[in-house]
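Chains as they are written, first to last, in my numbering: chain A, 1382 to 1493; chain B, -10 to 106.
None of these hints come from the bench; they were simulated from the model. All values derive from a computational prediction rather than experimental measurement. No residue lacks a Cβ here, since even glycine has one placed at the ideal position from N, Cα and C. Treat each hint with caution, since some may be false.
Said to hold, decoys possible - Under 7 Å between C-beta atoms, here's a sample of chain B residues computed to sit facing chain A:
(1) 32
(2) 82
(3) 99
(4) 100
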Amino acid sequence: GDSVTQMEGPVTLSEEAFLTINCTYTATGYPSLFWYVQYPGEGLQLLLKATKADDKGSNKGFEATYRKETTSFHLEKGSVQVSDSAVYFCALSGGNFNKFYFGSGTKLNVKP
Amino acid sequence: GAVVSQHPSRVICKSGTSVKIECRSLDFQATTMFWYRQFPKQSLMLMATSNEGSKATYEQGVEKDKFLINHASLTLSTLTVTSAHPEDSSFYICSAFLSGTSSYEQYFGPGTRLTVT
């Protein structure tokens, strides 16, 4: 079945460091891929998405490219800020968009 | 963007009682809503898919008689935890699927923290 695997955290970085959070997926068909962010005590917010191979999603300095050949959707940011501290979830949605599958989440701690 | 609300945000109840959680899409109609459960430091587990005007579809291992879902209108879905027990304590999150567009994304509510004592 469809699934998402992302790197375990927590990830601790200093402000302005480069961030990569790995995400790989298994899916039948052609899924859409998403990154969601969850701040403490809150629900999930869509960070970025890509709906087909080679698409690059970007938002707030974060980027992720849909790589079909490596079944990956790694999240990157060139210079993190303390305010980026949160839990990041990689997710995929199958062909009929009826179900989302989430990775286990990666907690990011950014220190000043 | 589309907004989804949940009520209540926090609830504490005694073991054996029932609790209802509401999920509303505030500025769009959602024919499909989803209910998730999130354990501490873990990912979201899809519990069920709620379809307006029809019965919910439950994921394997989720007790449909314990977690009653009603999708009464295009903007409201409710999750009722019946005869709650301490092991039902969790963070419950709903989402609404914005159909009829090319965005193919779900909009999530802020979540409801349920504590069963």
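Cross-check of the supplied hints:
no.: 1; hint: 32; result: 5 Å, holds
no.: 2; hint: 82; result: 6 Å, holds
no.: 3; hint: 99; result: 4 Å, holds
no.: 4; hint: 100; result: 5 Å, holds
The structure shown violates none of the earlier numbered hints.
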